[in-house]
Amino acid sequence: MKDKPPTQKDVARYAGVSQAAVSRFVSGRGAVSEATRQRIVKVIDQVNYQPDPLARVLSSGRSNIIAIVMASITNPWYPVVLELITRELHHLGLQTLLFNATPPQTVDDLIPLVLQYRVRGVLITTATLHSAAAERCLRHGVPVVMFNRYSQVANGHSVSTDNVGGGRMAADALLRTGCRRPAFLGGVPTASTNRDRRGGYARRLAEMGVASPPMLEREFTYRWGYDAARQLLHAHPDIDGLFCADDEIAAGAIDALRYALRKRVPEDVRVFGFDDHPVASQAAYGITTIRQPIEEMIETAMGLLLDADRGNEHRLLQGQLIYRDSTPRG
Numbered sequence: 001m002k003d004k005p006p007t008q009k010d011v012a013r014y015a016g017v018s019q020a021a022v023s024r025f026v027s028g029r030g031a032v033s034e035a036t037r038q039r040i041v042k043v044i045d046q047v048n049y050q051p052d053p054l055a056r057v058l059s060s061g062r063s064n065i066i067a068i069v070m071a072s073i074t075n076p077w078y079p080v081v082l083e084l085i086t087r088e089l090h091h092l093g094l095q096t097l098l099f100n101a102t103p104p105q106t107v108d109d110l111i112p113l114v115l116q117y118r119v120r121g122v123l124i125t126t127a128t129l130h131s132a133a134a135e136r137c138l139r140h141g142v143p144v145v146m147f148n149r150y151s152q153v154a155n156g157h158s159v160s161t162d163n164v165g166g167g168r169m170a171a172d173a174l175l176r177t178g179c180r181r182p183a184f185l186g187g188v189p190t191a192s193t194n195r196d197r198r199g200g201y202a203r204r205l206a207e208m209g210v211a212s213p214p215m216l217e218r219e220f221t222y223r224w225g226y227d228a229a230r231q232l233l234h235a236h237p238d239i240d241g242l243f244c245a246d247d248e249i250a251a252g253a254i255d256a257l258r259y260a261l262r263k264r265v266p267e268d269v270r271v272f273g274f275d276d277h278p279v280a281s282q283a284a285y286g287i288t289t290i291r292q293p294i295e296e297m298i299e300t301a302m303g304l305l306l307d308a309d310r311g312n313e314h315r316l317l318q319g320q321l322i323y324r325d326s327t328p329r330g
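Residue 35 in the UniProt record's numbering is what sits at position 35 of the sequence shown, and the numbering runs on without skipping anything.
Quick caveat, the hints were computed from the structure, so don't treat them as lab data. We put the beta carbon where it would ideally sit given N, CA and C, even for glycine. Among these hints, one or two may not hold up.
As the list claims (entries may be wrong) - Computed Cβ-Cβ distance ranges for the label pairs, DEER-style: (1) 141 with 18: 45 to 53 Å; (2) 303 with 235: 20 to 28 Å; (3) 236 with 132: 17 to 25 Å; (4) 313 with 37: 38 to 46 Å; (5) 260 with 139: 50 to 58 Å; (6) 181 with 282: 22 to 30 Å; (7) 278 with 258: 14 to 22 Å; (8) 211 with 112: 46 to 54 Å; (9) 316 with 31: 24 to 32 Å; (10) 104 with 46: 31 to 39 Å.
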């Protein structure tokens, strides 16, 4: 017994019960008598038996693992999200397995590997999933939830902040402070979050009679925010407001305005972010932003993953406007 871990067969032999009884007790599927239960528990404690998760997967056809699939983990908002997701999964008795697609690999390329682990569900964030890969998951009975993205496939759930509404909120907030020449600094142009934030912002400005705002888009990074602010203000020196697609971009823009362009924030240029990254509340920046309801998003995503009877659902949750020092309070 000291040379190799004890098995269910060992527990059954020492407890004087059938292996089937031990299996029913360990898996929680099927009843055992109180006397049998006590004998099994006593032996498990004595021999320090640990259930084999692989054997459990093979017998049940499904693990208690939720796969989290990402295309980038450099954004500082996502470590916070990952910690909260893993905490919620642990509370639910589930485990987390993280898959990160590194270029040129895509999320679609990872799905066959993910399915080899017989996961209970797939949570996809910072990326998009195409129809063929989603269908492959569903054929294996594995539900898919797009987190902080809306689903572009016919089958699958999605949970996201209302990014269009957040863009509209940013436009209103900037205009209320007297902004007359607003602009937009975006992240990855193809990301649904970026498109929706930009779209809501531009449409709301148009409704308010404001000309189409100057825009630059590339990536969700501090460096891009710094470079883009310099480029945009050199081309359009009359800009007095920047809506940035996330707070990292906003932080870079603020530093460029202050140190490269010698502009005052918010007196000369107002800066508005999105997400409520940790950087947004730092004293050096104090970014006015839209706070995403992360905990509510995670709770909703878990409900969609674990309720097999749900049809396809696409949930939009409302963000919260957080005023800080980068804009006057409108």
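Hints, one by one, checked against the model:
1. Range check, residue 141 to residue 18: about 30 Å between beta-carbon atoms, so the 45 to 53 Å window is missed.
2. A hinted range of 20 to 28 Å is violated for the C-beta pair residue 303 and residue 235, which are about 47 Å apart.
3. Range check, residue 236 to residue 132: about 43 Å between beta-carbon atoms, so the 17 to 25 Å window is missed.
4. At roughly 40 Å, the beta-carbon separation of residue 313 and residue 37 lies within the given 38 to 46 Å, and the hint holds.
5. Judged by the Cβ atoms, the range 50 to 58 Å given for residue 260 and residue 139 holds: they are separated by roughly 53 Å.
6. The given range of 22 to 30 Å is respected by residue 181 and residue 282, whose C-beta atoms sit roughly 27 Å from each other.
7. Restraint check, residue 278 to residue 258: a C-beta distance of roughly 20 Å satisfies the suggested window 14 to 22 Å.
8. As the Cβ distance of residue 211 to residue 112 is approximately 49 Å, the hint placing it in 46 to 54 Å holds.
9. Restraint check, residue 316 to residue 31: a C-beta distance of roughly 44 Å breaks the suggested window 24 to 32 Å.
10. Distance hint check for residue 104 and residue 46: the Cβ-Cβ separation is about 53 Å, which falls outside the suggested range of 31 to 39 Å.
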